[in-house]
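J.: Heads up: the protein sequence lines correspond to chains V and Y, in order. At position 151 of the first sequence the residue is numbered 151 (this note's numbering), and the sequence of numbers has no breaks. At position 12 of the second sequence the residue is numbered 405 (this note's numbering), and the sequence of numbers has no breaks.
The hints are simulated quantities; they were obtained by calculation from the structure and are not laboratory data. One or more hints might be untrue.
[What the hints assert, rightly or not] Derived lysine-lysine pairs resembling DSBU-like cross-links, with alpha carbons at most 30 angstroms apart:
id	chain 1	residue 1	chain 2	residue 2
1	V	K196	V	K378
2	V	K124	V	K137
3	V	K183	Y	K567
4	Y	K567	Y	K649
5	V	K137	Y	K649
6	Y	K567	V	K134
7	V	K124	Y	K649
8	V	K124	Y	K567
[As the list claims (entries may be wrong)] For each label pair, taking beta carbons as the anchor points, the in silico distance ranges come out as:
id	chain 1	residue 1	chain 2	residue 2	range
9	V	F204	Y	F570	36 to 46 angstroms
10	V	E45	Y	V639	36 to 46 angstroms
11	Y	M566	V	E45	27 to 37 angstroms
[To be verified] Some but not every residue of chain Y turned toward chain V, in silico, with C-beta under 10 angstroms:
id	residue
12	E504
13	T507
14	S510
15	G549
16	L554
17	P575
18	L576
It should be emphasised that the depicted structure is a prediction, and the values quoted were computed from it without experimental measurement. No residue lacks a Cβ here, since even glycine has one placed at the ideal position from N, Cα and C.
Read off the chains here:
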Amino acid sequence: MTAAAEGRKRDTLAIGAVRRNFAPWADPAAVPLIRFEKVTKRFGEATAVEDLSLDIYEREFFCLLGPSGCGKTTLMRILAGFEEPTSGRVTLAGRDLIGVPPYRRPANMMFQSYALFPHMSVEKNIAFGLEQEKLPKGEIAARVAEMLRLVQLEPFARRRPDQLSGGQRQRVALARALAKRPKVLLLDEPLDALDKKLREETQFELMDLQVKLGMTFLVVTHDQEEAMTMADRIAVMDRGRIVQVATPGEIYEQPATRYVAEFIGDVNILEGRIGQGEGGRWHIAAPEAPRGLLVDGGGDGVAPGRQVAVALRPEKLRLLQDEPAPGTPNVLAGEVWDIGYLGDWTIYLVKLASGRTIRVSRANATRFVERPITWEDKVFVTFAPEAGVILTR
Amino acid sequence: MNRRFSWFNATSLTIGFAFLYLPIVILIVYSFNASRLVTVWGGFSLEWYRSIWSNEQLLGALRTSLGVALVSAAIATVLGTLAALALVRYGRFVGRTLFTGMVYAPLVMPEVITGLSLLLLFVSLGVDRGFWTVALSHTTFTLCFVAVVVQARLVGFDRSLEEAAMDLGATPMKTFFAVTLPLITPSILAGFLLAFTLSLDDVVIASFVTGPGTATLPIEIFGRARRGVSPEINALCTILVGLVTVVVILASLVTKRSAMARAT
């Protein structure tokens, strides 16, 4: 295959799974709903957000993802109006938000602690925001009823928050924040307080709700699985900066940096030096792969002689018991160090001669295995050139 | 571990409680004594309670005491709550530690000094001493108790509740009255009741700053007792003990209920 044909073939491929036909960020004519422009926030000596610019579009389900202390919550609180940025501009639907107090912003927030008013019933909690708008009583009652129906809490209207379960409280908090029909709903670690099973259910409920209401959701989370499941786009943050903004598929399959690759999912990293280019691919000399690596072309800054890292996802690696034919690149020889059987997947930890452990996962597609791989077996880990990602940062 | 009630525990408990309550029990018992002699039991009678009822001087003192307690507790509650809010909320202002210390200092200040300094102040200002000087003096020393009680509640207060209210469109003023105030009301009420009983009990400060004709009940009792203990005083003290007990129980019920509401 010629390089041109190869390129054409790849044009028809998409990175990651296709979610829905919705990508305003790819349309240069689209006007973002929320714009952060060069926003910096300092708390004394510490910098929580540094020179950050970000556009979020209408009807987007957007996730800010990062470890605690990366500035994601500060960024959301700046949008809600609880923190003023030290410098920079924030606009919502074309309106400059700097100096606008939280009670005059068309954004509502669902708090991590839910922050339900303990001295008010469920319906009073939901009505609170509407009462501040001085709506007629009948309209408030109608809207509260609609919200209760939406989150399926009609029988609990007169209960107090302390008489509800964790999941019910979460739904009251959601209904209260949605009741004013804000331009954007801010969710601060919305599922953090729920147990694992409920969290999964609620993820899908939130996604359905967002599509049904046609609202813009901005979620702050440290849980990468949660972000991957729900978001249209994810912004991965690290120490006050955005490292990458992309769809979940791109974030996983085409991480921009080593930090992103390691934060999202499991990854094996091999270090090496770029050698010859060959039809959009690069030969890389890596001490741990005696036959050398051949990996699909990376982004900017990939040039011969450059020291790079190659990221390899465990599920894209193959485990062989027989040595591959001589001349094939991308072969790592090692010994099975540990095996984790998860039912649907089996995780193999393969120890290379260098002492590094490579993680390989294999789907258990059949119930019977002819030649099972077991502890201390000599094995060969191989992968296709398109399985690896070259990272320069 | 032996969880049974051993004779040792029983004895120490009896002795401990006897120390605490025997004097008061004797006082209460003798207030129902028919005999005029304080130390001789002459049978059960309510005579001394009846005689208080017709003693205009004592009733006047009781009215003064209740009035002073009510007024000073009300002012102390407002000022103490504001002080607590300032101390907890307005974070790191210059001199915060000094200010905190100064709010708490009257808690440990000898009452004689507080009383004397207030007296000097009133004299130098040329204020006529009477009901209002006593009420104001009681405000100054009960204020810090209110501040302590309210502050304890505010420290455990979830600020995101206020943020949620503002996020939903409530102005800071509206947020305070719709969310903050209802949630700290139990502690404010407890602070009020505490201030009320403290004012009702006080002899030292009141005796410094009171003027002619406005004796509070404790001062009246103290004055009469010096002239010799009469069963009438026993009856009066019993009433005072009863009053204070009721208020203290009320205060503890209020705080307990709010603590339970918080725990769930």
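J.: Against the earlier hints, flag every one the structure doesn't satisfy and list their numbers going up.
T.: 1, 5, 10, 12, 13, 14 and 15
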